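Protein chains in written order, with the working numbering: chain A, -14 to 136; chain B, -14 to 136; chain C, -14 to 136.
If you are wondering where the hints come from, they were derived from the structure by calculation, not from laboratory data.
Note that the structure is a prediction, hence the values are computed from the model and not measured.
Don't take each hint at face value.
One copy or two, either will do: identical chains are not told apart, so a pair holds if it fits within one copy or between any two.
What the hints assert, rightly or not - Simulated pairs of lysine to aspartate or glutamate, DMTMM-like, Cα-Cα distance not exceeding 25 Å: (1) K27 / D(-12); (2) K73 / E134; (3) K73 / E45; (4) K73 / E86; (5) K(-10) / E124; (6) K30 / E86; (7) K73 / D88; (8) K(-8) / D99; (9) K3 / E86.
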Amino acid sequence: MIDEKLKSLNIILPNAPKPAGSYIPVVISNNIAYVSGQIPVKEGKVVFSGKVPTQQSIEEAGKAAKLCAINALAQLKASLGNLDRINKIIRVSGFVNSTPEFDQQPTIINSASDLLFNIFGEKGKHTRIAVGVASLPLESTVEIDMIVEIS
Amino acid sequence: MIDEKLKSLNIILPNAPKPAGSYIPVVISNNIAYVSGQIPVKEGKVVFSGKVPTQQSIEEAGKAAKLCAINALAQLKASLGNLDRINKIIRVSGFVNSTPEFDQQPTIINSASDLLFNIFGEKGKHTRIAVGVASLPLESTVEIDMIVEIS
Amino acid sequence: MIDEKLKSLNIILPNAPKPAGSYIPVVISNNIAYVSGQIPVKEGKVVFSGKVPTQQSIEEAGKAAKLCAINALAQLKASLGNLDRINKIIRVSGFVNSTPEFDQQPTIINSASDLLFNIFGEKGKHTRIAVGVASLPLESTVEIDMIVEIS
Chain A
-14 MIDEKLKSLN IILPNAPKPA GSYIPVVISN NIAYVSGQIP VKEGKVVFSG KVPTQQSIEE
46 AGKAAKLCAI NALAQLKASL GNLDRINKII RVSGFVNSTP EFDQQPTIIN SASDLLFNIF
106 GEKGKHTRIA VGVASLPLES TVEIDMIVEI S
Chain B
-14 MIDEKLKSLN IILPNAPKPA GSYIPVVISN NIAYVSGQIP VKEGKVVFSG KVPTQQSIEE
46 AGKAAKLCAI NALAQLKASL GNLDRINKII RVSGFVNSTP EFDQQPTIIN SASDLLFNIF
106 GEKGKHTRIA VGVASLPLES TVEIDMIVEI S
Chain C
-14 MIDEKLKSLN IILPNAPKPA GSYIPVVISN NIAYVSGQIP VKEGKVVFSG KVPTQQSIEE
46 AGKAAKLCAI NALAQLKASL GNLDRINKII RVSGFVNSTP EFDQQPTIIN SASDLLFNIF
106 GEKGKHTRIA VGVASLPLES TVEIDMIVEI S
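Bound-form chain A, shown alone:
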């Protein structure tokens, strides 16, 4: 069912991006899946890099956040086999590569939150943090990690 929902939203999950370090993308403990921090990578390349708002606009950074969320779902699909196993998105942590003055991180991470709600409906309503960080791996504009309840 989630696969059909993705199709209706024109979202194509990529092959799960490889981690940029010596760790793994998903760990399951009890009925909780933890997803490693995802950056806006597409076909092996960071496609949104630099700080908001000087090097990326809020709008572009929103696209970066959405791509991070899509990559997280790709990791979950690769690990779980089927996204229908997701009972509930528990937590989304959003880190935005920000200048010291930038303060609209929520607007950017909303692009990820809205996507999750559009895909999962009530099950996609999650808790969240959104903070501005000094820098991110490979100059990524956004990094997002997730905690998910599964069955």
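Got chain A; can you put chains B and C on it based on the hints?
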């Protein structure tokens, strides 16, 4: 009992602040409640904004941290109905809007930690992270999120 | 067995460092242990301070990350009695004290990740976030916290 404790400490929980984005304040999974990042909002307005120590003193930032913790408890009360359902504060994550030189984040987040210990006693003893970030939503001085075990 | 593995790797766990604030090092909920953020402290002193790459090289910062992981294990040993009780490292969060331009946080946190894999093997394969922050407590170069499944 916790309500009486709050009264004896002259702490009045506000109405639960609305999230500054498209997500929800609390998600419960198994017997764990996750609280979204809380900023120092009072009656709909951020009352502690700017960086430590240039725009806010350590003392004022401590008040901000305390207010974030109070807002987290307000969210938990709205979600759980009764704070007596809290078995244990598991985790407090504290993000302090910091200049690149500022390094006394623990002193600031202690104001939140002390509050939780004063209210919950042994059940309030939690693990913690405290980091300095480049910027926070709505120029907030502090953002705090929590993970709590409930019954 | 983990104690022997540590010996074979020439790793000596220190006495568990005291938290730099009013909180506790480890909280256990259900079968999950949460470890507070650990900084690169040795015998009560921060031994790696300052930002990467201007004040600390990537190589030195990697040593800092490794020391943070060792301190986290020391906390777990003090709390659990025996590191053989660790079933699985679930999550490692790595915060690197970074200049706004620095983007190789994964390389640094890899030193912690590699250590955990060397000690715990398959059980040590974890999910991870790595971000660059504006500043850290006591000017620490790295802060790392962990979530672990225990038996």
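We went through each hint and held it up to the structure:
| no. | hint | in the structure |
| --- | --- | --- |
| 1 | K27 / D(-12) | within (20 Å within a copy, 42 Å between copies) |
| 2 | K73 / E134 | both (5 Å within a copy, 18 Å between copies) |
| 3 | K73 / E45 | neither (28 Å within a copy, 37 Å between copies) |
| 4 | K73 / E86 | neither (34 Å within a copy, 36 Å between copies) |
| 5 | K(-10) / E124 | neither (32 Å within a copy, 37 Å between copies) |
| 6 | K30 / E86 | between (28 Å within a copy, 19 Å between copies) |
| 7 | K73 / D88 | neither (29 Å within a copy, 32 Å between copies) |
| 8 | K(-8) / D99 | within (16 Å within a copy, 39 Å between copies) |
| 9 | K3 / E86 | between (33 Å within a copy, 23 Å between copies) |
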